[in-house]
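From first to last, the protein sequence lines are chains U, V and E.
The first sequence maps to residues 76 to 423 in our numbering.
The second sequence maps to residues 37 to 420 in our numbering.
The third sequence maps to residues 12 to 301 in our numbering.
Treat the hints as calculated values from the structure; they're not laboratory data.
No residue lacks a Cβ here, since even glycine has one placed at the ideal position from N, Cα and C.
Fair warning: there could be bad hints in the mix.
What the hints assert, rightly or not - Here are some chain E residues pointing at chain V (derived, C-beta under 10 Å):
hint, residue
1, S105
2, L123
3, L124
4, L140
5, G144
6, Q152
7, I153
8, G230
9, L231
10, L263
11, K273
To be verified - Label pairs and their calculated CB-CB ranges:
hint, chain 1, residue 1, chain 2, residue 2, range
12, U, S364, V, A370, 57 to 63 Å
13, U, V188, V, E337, 38 to 44 Å
14, V, E66, U, R268, 55 to 61 Å
15, V, G102, E, N71, 52 to 58 Å
16, E, L272, V, A104, 57 to 63 Å
17, V, G102, U, S167, 21 to 27 Å
18, E, I77, U, A412, 31 to 37 Å
19, U, W419, V, G158, 53 to 59 Å
20, V, Q319, E, R92, 35 to 41 Å
21, U, L264, V, D366, 15 to 21 Å
22, V, A100, U, L258, 15 to 21 Å
23, U, P402, V, A104, 31 to 37 Å
24, V, G393, U, F113, 52 to 58 Å
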Amino acid sequence: MRSGYFKETVAEHINLTDSTLQRIWILIGLIFVVALPFYFGLYGISLITLMAISAIGAMGLNILTGWTGQISLGQTAFMVLGAYAYAISVESWGWPPIIGFALAGIVPAFASVLVGVPSLRLKGLYLAITTLASAFIVNQLVLEFDGLTNGASGIFVNRPTIFGYAFDTDAKLFYLVAFIGLLTVLACLNLRRSRIGRAFIAIRDNDNAARVMGIDLRAYKLYAFMASSFIVGISGALYGIFLSFVTIDGFPLLLAIEALAILIVGGMGSIAGAILGAIFLVGLPEITSAIFGMFGETAKQFLSTGAHEIKGLLYGLVIILFLRLQPHGLMGLWQDAKRAWTLWPLRY
Amino acid sequence: MKLITGLTAAVLLALSAGGAAAEQGITDTEILLGDVAPFTGPPGLLGIAHNVGVKLAIAEVNAAGGIAGRQVKLVSEDDGYVTSRTIQSIRKLIGVDKVFALTAMSGTGQAMASMPIVKQAGIPAMVPIGQLPAMYEPPINNVFVVGQTYTEGMRQLALYLAKTHPGAKWGVILQDDDYGKALADGLEQAQADAEINIVFETKYARGQKDFASEMLRVKAANVDVLIAGGIISENIGIVKEAEKLSITPTIAAFWPGRVPEVLKAIGPASDGLIGVDYVTPIQSEAGQAFVELAKNYLSEEEVPRINRYTMTGYASTKVLLTAIKACETDLTWACTIEKMQSNPPVETGVMAPVRFGEDNRFSNSPVTIMRADFETLSYSPVKD
Amino acid sequence: MTYLLELLSSGLAIGAVYGLIAMSFAIIYKSTGLLNFSQGEMSMIIAYVAWSISTGTDGNPFIVAIGSIGFAILFALAVERIAIRPMMGEPILSQIMVTIGLSVIFRALVTLLWDGLPHNMELAAGNALVDFGGIQVRVAQIAVVVMLFVAIAGMWTFFRYSRFGLAMRAVASDDGTAQLMGVKTGRVQMAAWAASAVMSGTAGVLFAIAFELSPSLYGLGLKAFPATILGGLDSVIGSAFGGLIIGVAENLVGGYISSSLKEIAGFVIIILILMIRPYGLFGEKRIERL
Chain U
76 MRSGYFKETV AEHINLTDST LQRIWILIGL IFVVALPFYF GLYGISLITL
126 MAISAIGAMG LNILTGWTGQ ISLGQTAFMV LGAYAYAISV ESWGWPPIIG
176 FALAGIVPAF ASVLVGVPSL RLKGLYLAIT TLASAFIVNQ LVLEFDGLTN
226 GASGIFVNRP TIFGYAFDTD AKLFYLVAFI GLLTVLACLN LRRSRIGRAF
276 IAIRDNDNAA RVMGIDLRAY KLYAFMASSF IVGISGALYG IFLSFVTIDG
326 FPLLLAIEAL AILIVGGMGS IAGAILGAIF LVGLPEITSA IFGMFGETAK
376 QFLSTGAHEI KGLLYGLVII LFLRLQPHGL MGLWQDAKRA WTLWPLRY
Chain V
37 MKLITGLTAA VLLALSAGGA AAEQGITDTE ILLGDVAPFT GPPGLLGIAH
87 NVGVKLAIAE VNAAGGIAGR QVKLVSEDDG YVTSRTIQSI RKLIGVDKVF
137 ALTAMSGTGQ AMASMPIVKQ AGIPAMVPIG QLPAMYEPPI NNVFVVGQTY
187 TEGMRQLALY LAKTHPGAKW GVILQDDDYG KALADGLEQA QADAEINIVF
237 ETKYARGQKD FASEMLRVKA ANVDVLIAGG IISENIGIVK EAEKLSITPT
287 IAAFWPGRVP EVLKAIGPAS DGLIGVDYVT PIQSEAGQAF VELAKNYLSE
337 EEVPRINRYT MTGYASTKVL LTAIKACETD LTWACTIEKM QSNPPVETGV
387 MAPVRFGEDN RFSNSPVTIM RADFETLSYS PVKD
Chain E
12 MTYLLELLSS GLAIGAVYGL IAMSFAIIYK STGLLNFSQG EMSMIIAYVA
62 WSISTGTDGN PFIVAIGSIG FAILFALAVE RIAIRPMMGE PILSQIMVTI
112 GLSVIFRALV TLLWDGLPHN MELAAGNALV DFGGIQVRVA QIAVVVMLFV
162 AIAGMWTFFR YSRFGLAMRA VASDDGTAQL MGVKTGRVQM AAWAASAVMS
212 GTAGVLFAIA FELSPSLYGL GLKAFPATIL GGLDSVIGSA FGGLIIGVAE
262 NLVGGYISSS LKEIAGFVII ILILMIRPYG LFGEKRIERL
């Protein structure tokens, strides 16, 4: 009887996939993603697009919070910067969208240096505090520089045309987002298995030990923050394209909380977890309405008057319950199930 | 990549083939309309009242036998005043519920952000809240803006105040967003026609509660006429602070916060507040007639919810329903849009008759100036 | 001159509100090492309960005060016992996320249980105006300044002289050792939560009287947060002064420079403080640098 999977060489450990079976599953998964828009209507497509955008943002945050163990409450600041970098360069200056996307990553990455340098040298919660503050300050800056950002009126964003191909329908936009999502997954996986990625995890697990091993804590924390902000900025640009309108109102502070909640629900430090968490949390309101729909007219009535509040309530409860009962999130559940399947009928 | 392009092309074909049925939302017994507004949280003050007005217009039509033997039904979506949810809701109403027309798209920013989707879908849509010139300039074939812009309202209000308070020193407190900018534009336009001496002008961040320093500057500048450009909480803060500093400028506020709850929250200091609006105040004859009408059709919980947004929602929905009714034989989007622009002006009872035209998607309704009365928690038109 | 005095007086009044809430942040941080991101929401819920009590009874201020203080203590103990205590020993992110989860729940509860409308809260003579040599202030604004100083004096005596305060200081400096010495850390934590709820509740109620009661009252928490950083996260009394400084600074910025800067003045101060003096004006210099 098999007692588990063992990896015998470093190369095996570093490989992105470990078996043909896994590669087949990945292919099936990709085909499934490509096929999704065929099964959904207008609303369904916008929902899965939103899930994909949230997943990209969550994967970005995961680099900082899940791998390096630093807390950021200012996700929205970098989303706003990314969205405006894209909107200004593409819509106001007429630059190609590809450059717009690059700027949507680069601008937040530079901003993260400004925020990160003073706060990452301190241990503890200070990054959480400065990022929270920067979320407010960035919004104010957008309003102050209204010559560039059009102030509170915001900027209209058209669906992009890349290399002559127009992503002008909702389904096409989903493919674009899914493609960028795929690139993000690959980037994260490769970062994770590099020297830098291993340093991040060493810092999270024990910063003193990491330093003794020769990891420059300040530098690597800053790298993590920059990489994270880069991806978060791109998710912000995609969100702006999705809303077809970039304003600071489109990025409420709740998005920052949502991003952290996605990581918790999905499983901290796991890329698949970030994706699962995004699907679960973005889909949660739909699940709620479906459940309320089952309880008949009166429940529906109640939902229509207090929908927002009930969703808020559930949101908070889901965060707390996951933290209490399943701290490893949905990925933890999946690992448990996998282990139980392999080891059955034994428990250990 | 080729695979993806191929597949998307297939999707595109499938979508365009399925998009031909313009009569969505029409069955043998029903006509379905969709409404997006905030029903929860503080903005619910606006959204619920609006929704009640839409329901009232529908109930009135249904009581008269419906349209072409069909009853009109409303699907309401709560967006909580969050733009991304407005967009989701509108996609849901058009794509899943398949409504025939939209009676509102939430507030200013939300409606602006929804415009591309609505334009692409071609569904008849009304804008009764948060009107901006960008919504009808250039006109979008299927989007109809009912009411008046903040800019024009502000211009009229400023002209009135300039006439009644000659030589006064003006103070202006505005919100740092679209709304504040629209008011600033209106003031500027008014300055071309009348002498307005602004001695103090400031912007505040939305959600601010403590207006102590702003009002102290108002006091130091000896302001006689104060434009309170807040919405709800902010105007409460501004007027209460004026009371505290025992200064008594003529304070003028705008229609977004022209609801009884605000007067109540301010307290007695709200007496004499000047307001401006394009719908009639509830205390007027037409306003009372509207309340009587509402009592016939609405439930007991809904009647106390009535405020100016009920009137705007009612009026714009009535205009829409009149156009749909004119298309009894041909219930299509094209016919409805055609009738919207060719119908004679629609009498709604709560505002000036509403009409659109070939290249006109804005009703440009005239405004009246009114004064608040704390005793009855209402406004009445000024006599000058 | 009157202009400056008036700016200062309204700055002190709003600063006292921030100060009380900042003290609540600090006392929980000091005794448990946790930042309670639901502090503003808790103060909002207590203000709403006080409003319900005052409209439900004849509005006798003593009944309202006793009722809402009682509720504040029970509420804080329940939150601490149900949501916070089981998370002790978990990673700091999990603990913080629990308080963020709570804040989302509390915000939803307020609109669900009460409503989303702004209300004018009247309690005794709280709304009345008093004349201080030409400067008018509301009674509630005087009350909040008085309460801040009562709280400062109370906290100082408590930490200095009471056995329990000593225990709290012991827990703050090293909870493991304190536990070995026989200090019941759980009880210390409960006391901290109760005290924080009473202080932030007082601030919330008095703010609601002087300004308005609405579901956006929780924003006070965000405004008070910079005050805690300024005063020093672990300095309860320092936070109170941090609040006063931020309140006055906000009003001076609003009065002499610009209103739009006023709302973010606090957050700019946070960044500056963390660059120059990360332990705050009054905090202990034990922050670990890398």
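**Message:** Are any of the numbered hints broken by this structure? If so, which, sorted upward?
**Reply:** Per hint list: 1, 3, 5, 7, 12, 13, 17, 18, 20, 21, 22, 23 and 24 violated.
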